[in-house]
Amino acid sequence: MSSLLNIGVSGLNAAQLGLKVTGNNIANAGTDGYSRQSTVQVDQVGQNNGRYTMGSGVDVIAVQRAYSQFLTQSLWSSNSALQGATTTNDLATTLNGLLQNSGNLQSALDSFYGGFNAVANAPGDPSARQALLGNASALATAFNTFGQQLDQQRAQINTQVSDAVGNVNSLVKQIAALNTSISQAGNTQPNDLLDQRDSLVKQLAGITGISVAAQPDGTLSVYSTSGQALVSGSYSYGFQLGSDAYDAGSTSVLDASGHDISSRLSGGTLGALLAYRSNTLDPAQNQLGRTALALAQSVNAQQAKGLDLNGNQGGALFSVPGPVVAAASGNQGSATVGASVSDISQLTTDNYVLTYTGSGTAPSVNGWALASSSGRPVPMTANPDGTLSAEGLTFTVSAGAQVGDSFQVRPTRDAASGLALATSDPSAIAAATALKGTAAGTNTGGATVGSVDVSDGSNANLFAGATVTFGAGGSYTVTDGAGNSTTGTYAAGTAIQFDGWSLSLGGTPASGDSFTVAMNSDGLNDNGNALDLAGLADAGVLDGGKTSTVGAYANLTNQIGVAGSMAANDLTTQTGLYNQAASAQQSVAGVNLDEEAAGLIKYQQAYQASAQVISTAQTLFTSLISAIQS
Amino acid sequence: MIRLSTSWMYQQSLTTMLNQQGELSATQNQVSSGQRINLASDDPAGATQVVSLNHILASTAQYSSNIDAANARLSTESNTLSSFNSLLDQARSMAVQGINGTLSSSDRQDMATQLTQIRAQLVQLANTTDASGDALFAGTSTTSTPFALNSDGSVSYVGNSDNQMTTIGSGLRIPNSDEGAGLFMNIPAGNGSFVASAAAGNTGSLLVGATSVTDASAWKAATAAGPVNYQISFDAAGNWTATDANNGNAVVASGSYQDGGSIGFNGMTIALSGTPAAGDTVSVNSGQTQDVFATLTNMINALNDGSVGDTQLNNTMSRQIESIDRAQDQLSSTQTDVGGRLNRLTQQQSTYSGLTLTYQTTLSGVQDTDMASAISQLMLQSTALQASQQTFAKVQGMSLFDYLK
Chain A
10 MSSLLNIGVS GLNAAQLGLK VTGNNIANAG TDGYSRQSTV QVDQVGQNNG RYTMGSGVDV
70 IAVQRAYSQF LTQSLWSSNS ALQGATTTND LATTLNGLLQ NSGNLQSALD SFYGGFNAVA
130 NAPGDPSARQ ALLGNASALA TAFNTFGQQL DQQRAQINTQ VSDAVGNVNS LVKQIAALNT
190 SISQAGNTQP NDLLDQRDSL VKQLAGITGI SVAAQPDGTL SVYSTSGQAL VSGSYSYGFQ
250 LGSDAYDAGS TSVLDASGHD ISSRLSGGTL GALLAYRSNT LDPAQNQLGR TALALAQSVN
310 AQQAKGLDLN GNQGGALFSV PGPVVAAASG NQGSATVGAS VSDISQLTTD NYVLTYTGSG
370 TAPSVNGWAL ASSSGRPVPM TANPDGTLSA EGLTFTVSAG AQVGDSFQVR PTRDAASGLA
430 LATSDPSAIA AATALKGTAA GTNTGGATVG SVDVSDGSNA NLFAGATVTF GAGGSYTVTD
490 GAGNSTTGTY AAGTAIQFDG WSLSLGGTPA SGDSFTVAMN SDGLNDNGNA LDLAGLADAG
550 VLDGGKTSTV GAYANLTNQI GVAGSMAAND LTTQTGLYNQ AASAQQSVAG VNLDEEAAGL
610 IKYQQAYQAS AQVISTAQTL FTSLISAIQS
Chain B
59 MIRLSTSWMY QQSLTTMLNQ QGELSATQNQ VSSGQRINLA SDDPAGATQV VSLNHILAST
119 AQYSSNIDAA NARLSTESNT LSSFNSLLDQ ARSMAVQGIN GTLSSSDRQD MATQLTQIRA
179 QLVQLANTTD ASGDALFAGT STTSTPFALN SDGSVSYVGN SDNQMTTIGS GLRIPNSDEG
239 AGLFMNIPAG NGSFVASAAA GNTGSLLVGA TSVTDASAWK AATAAGPVNY QISFDAAGNW
299 TATDANNGNA VVASGSYQDG GSIGFNGMTI ALSGTPAAGD TVSVNSGQTQ DVFATLTNMI
359 NALNDGSVGD TQLNNTMSRQ IESIDRAQDQ LSSTQTDVGG RLNRLTQQQS TYSGLTLTYQ
419 TTLSGVQDTD MASAISQLML QSTALQASQQ TFAKVQGMSL FDYLK
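Chains as they are written, first to last, in our numbering: chain A, 10 to 639; chain B, 59 to 463.
Isolated chain B (complex conformation):
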């Protein structure tokens, strides 16, 4: 038989009820706050997981906002490049006009004026800035106007040739713009390999047409030691001799030319038309670049110069059309690249929205109260407390003293 101390019995029943109340209030807190973990000690492993999951969610959100920023810059770039391209189309059609028709001097003036306007627009487009005022095509330079139009019509680039990057994932960086030097300035002259241009002082009606490299291995051998600089001279009989200015004017090749024929040596084929006068020359250079603004300036200068004859204008315009083609090649390959990057951004973005959902589900599983079980537990606990209170009143009401009269 065990003796029970009356005061201890009271105290025990009371402690039990207080404990039950404590548990009830903890469950109530879980239900009302919706959080299973109110203090780290409620579930240390869970609390640690919550920190890690929140961190992952924060970095995912950060990557998404980085993607948005890169998206904005790249979309602006893409639009700018399209506008740039269509302006070049206009310039090109004017150059074609300059070749085909016989232009009056006022026509020439009009064209020059239009081209000047196009050039100004191109410079303006090349100086496009993003939402925060940073120039898109300045590389990583702090300048806000990387392209400056000088009074002589030339354009100088004060940006640099580095690309600005954006982090779109752990260790994943992509350029969020393209620097201006590669886009607009360092454009290979001529057909991309070499440029063949008739000398300005030619007196015949020789026109340089399409040029190309037709024998890649011969061309490679010819350029192995560096850029070439050949001079093709014609005599009165239409015979030509090509000499190498880099090599003491040694004769490289020679042949005879007929109107509408072509000249070929060292892998190059140069289509010609018209009739050269004795002493007329065509120079062939490789490794040269010509910026897109200089192309327009060359056209403008030729149109403005009254001393330029039709043949010379024709030749100049042909060369500039080649340059515009190269510039447009560069633009379209960059456009493709930008499109690819935009695609990657979109893909990455949708990956992140998927991941965010997954992590949020996990997080909610870790930290949120399971309402169904919490509420049923709440019911259970309140019933238990009620039972304790009732039995307490009943048991404590029984005393032998009640029967002492």
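Just chain A, with the same shape it has in the complex:
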């Protein structure tokens, strides 16, 4: 009789526990990270009385959470990818918005070049010149605005990196604390703590890529993609914030021992921020800067080939910051490095690292080796004056470097935000042709002056005044006012070059004929150079003379657009993958309310049945007692 009662009570208890667990499941149906729990029932070992074994009720031995190590881990890794893709997409969309809203550089460039045409149409008209300066100023502002917006995004990334590092550090501490509690729980499974820890690990994976290893004592070890342990048992090791070795304005991530691991972190928000900065923002800003540099250099060089309204050689119209050289913070030697753009047509959008190797053999030149920031080795050539040249840049290096010293060269990053007008004087626009060729009145041959072009506006003797005198057989002598001379033989259709100018003749000169090349002093209403300046709109300046400034801007548009559409596509892909992983994980660990409702009915019925067993036992007992009494 007592055995039946006991069986009934054990069933009653088991059903009650089942109801509680079901109730808990229902209560937590919406809790993030909660894993469905269930009771594990076993039948109690019965008593063998020789002929049969009589069961003795039910026992609940555990409350288990529905959990799959594999599915949870895959959820973590897809969360890394999803958060990374989300961050990249946010940044790339912002960048596209900046491109859209920072003024239209193409129309600013076209108005600017069009301004030269307007000056050419009325070279003496001050209003056309003033309008051109206005266009130039608007153009510089458009470059500045976009450049500054990119600087701001860089600053914003710095903030986000430090936020992310702060979050990582707080999460790893909490995970380590939970590790301690879980390992202390012993054999009972602390389901709620495990759920909490899984949820924290998922959050951590969203910030930075991790790998996780479960330990026999129930703790989790977490490692970053750089191989550093973030959590080990009850110990946590976070990241530290630091500055880039070359760029104090660029926040980088250091490991616990202070090494820069920025380039080795991937996955999650943090990985995406760092990757976006070096793979998208740097190239975009460099491309923009290179466009600004191309504009400034080509316009300034063409200005120098003409005369302004006052009859002086044209001065620079734009000023633009040159390459920035940053010494590594750990340099031991005393050497300094300077850099300048010597050939804009060869300039790339890369940043470079110049390292002192002390070796004279290739790939080192004079002890120095050059590589792009992405690690591509760049061959250099040594110039007679001791400078080194590579990819349109010329480096001036001083003595005193120690092996291992390095310098980062950022040729174009600051050019766009630093582009400025160098003059506000409308008459400073060099519309007039600089030089004029005149045939001597006594010439007997049929040669006429075709044109005098300036090939090098920086030649010191450009305006020295020169005379070309022909001798027999087309031989000629050029003598300039500074006393320099050269000789040559004239071939029809080939220009005579000297002192930075080239003189084209038509017809055949006779022996004794002479031509003078001198500053254009009486033709300041000339518009030859203004036409050449306007022609720069389509002139190839970059990439070996293949890309114009407008073309470079089109490339930038494409570059930014592709980054944006790739990020959007990647986000779609990663969202799909995450949803798949989450739905697989949820199908195991998630709470289905219909199922729980069925559970409720099940346990309620079990409870009622068990109660009926007790009631039966009681009835039996009562009938026995009354049989005795009666």
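Some hints could be false.
Here are a few chain A residues that face chain B, going by a calculated C-beta distance under 8 Å [claimed, not checked]:
1) 105
2) 115
3) 117
4) 532
5) 533
6) 534
7) 570
8) 571
9) 600
10) 602
Estimated spans, in silico, between C-beta atoms of each pair [as the list claims (entries may be wrong)]:
11) 70(B) <-> 224(A): 53 to 59 Å
12) 455(B) <-> 112(A): 49 to 55 Å
13) 440(B) <-> 384(A): 49 to 55 Å
14) 349(A) <-> 70(B): 55 to 61 Å
15) 89(B) <-> 73(A): 50 to 56 Å
16) 165(A) <-> 70(B): 28 to 34 Å
17) 339(A) <-> 230(B): 54 to 60 Å
18) 212(B) <-> 352(A): 51 to 57 Å
19) 528(A) <-> 137(B): 32 to 38 Å
20) 345(B) <-> 528(A): 26 to 32 Å
21) 624(A) <-> 442(B): 55 to 61 Å
No lab work stands behind these hints: they were computed from the structure.
The C-beta atom is built at its ideal place from N, Cα and C for all residues, glycine as well.
The hints should help you fit chain B onto chain A, whose structure is shown.
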């Protein structure tokens, strides 16, 4: 059998609806803005093409406005040259009058006054400026009055001999005016090859008539060493001797002249009339130029000078008529050239309007929303969203708990 987590189901349905809403709003944005590409990332290749097409359109528009500017200058030039030409016609007819009639001294004075006025008008026309105040015929000089009338009646040119150019296409430049030196100043004297003029001190009635080069190869041989300077002298019997002043007055040719006949040597033929007195001379020069203003000044001076006899006046006027003819030749060839340039401008302009249309069509194809497809997509997307919302309400309304009593 797959278990579905209830909260995940909610979340999934919600995410789906949010995505559909996002797509719907993107399509709506395309329809309302009319632009298919709102951010470069919508279509990077298209966005790049938009930059290039806009650039081409901008440069085409710039070339068109350059053409307008050049058109204005060249039309002004063409009109100015016509006026100049008709003034020269007036001067010419007066010169013809001076040859034909016997003029009283007051007639001469009147003519001189009229010619002086014409000369002033010519100078004024030569100083014509364009809309922005730049002189049309100053070359590339900054002066606004390239032609200055001096007190002695001569006109000096302070412009230069370069032409101002306009870009009307990539690498395509045409002069938008003509410099004044070639137009008005450096006009070949006489018949264009040489000028034969009777000396002012001649006492006979010899008139120099039409002159020309009749034997080009002989003339070329004679001028091979440079401009010629011959002196033809007559004796009482009407015999002439031509000597070369450049060559120690060596005799070049000689012959006899009869009234109304002509003299020919070294490829030249000089028609003469009247009777020379002994010692009268005719000089023959080549390679000389005479500006158009000097032509008028010569006429004015001859008319004003009371000591000039009819023969001398006649000779002077004949020479000036030759000069006016040369000047008008120069004007009309320049006019033709200007007309050719204006034609080219018009052609180029119409090419650009065609191109602009083509590029704009292309641009619109790249960047504008295809309304038909965008609107049908909008309908499709809103229907899909509606369906999602309805099924969500239906599916989520089903729960086993509803049946627990």
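Cross-check of the supplied hints:
no.	hint	result
1	105	holds, 4 Å
2	115	holds, 5 Å
3	117	violated, 10 Å
4	532	holds, 4 Å
5	533	holds, 5 Å
6	534	holds, 5 Å
7	570	holds, 3 Å
8	571	holds, 4 Å
9	600	holds, 6 Å
10	602	holds, 4 Å
11	70(B) <-> 224(A): 53 to 59 Å	violated, 34 Å
12	455(B) <-> 112(A): 49 to 55 Å	holds, 53 Å
13	440(B) <-> 384(A): 49 to 55 Å	holds, 51 Å
14	349(A) <-> 70(B): 55 to 61 Å	holds, 59 Å
15	89(B) <-> 73(A): 50 to 56 Å	holds, 55 Å
16	165(A) <-> 70(B): 28 to 34 Å	holds, 32 Å
17	339(A) <-> 230(B): 54 to 60 Å	holds, 59 Å
18	212(B) <-> 352(A): 51 to 57 Å	holds, 55 Å
19	528(A) <-> 137(B): 32 to 38 Å	holds, 35 Å
20	345(B) <-> 528(A): 26 to 32 Å	holds, 30 Å
21	624(A) <-> 442(B): 55 to 61 Å	holds, 58 Å
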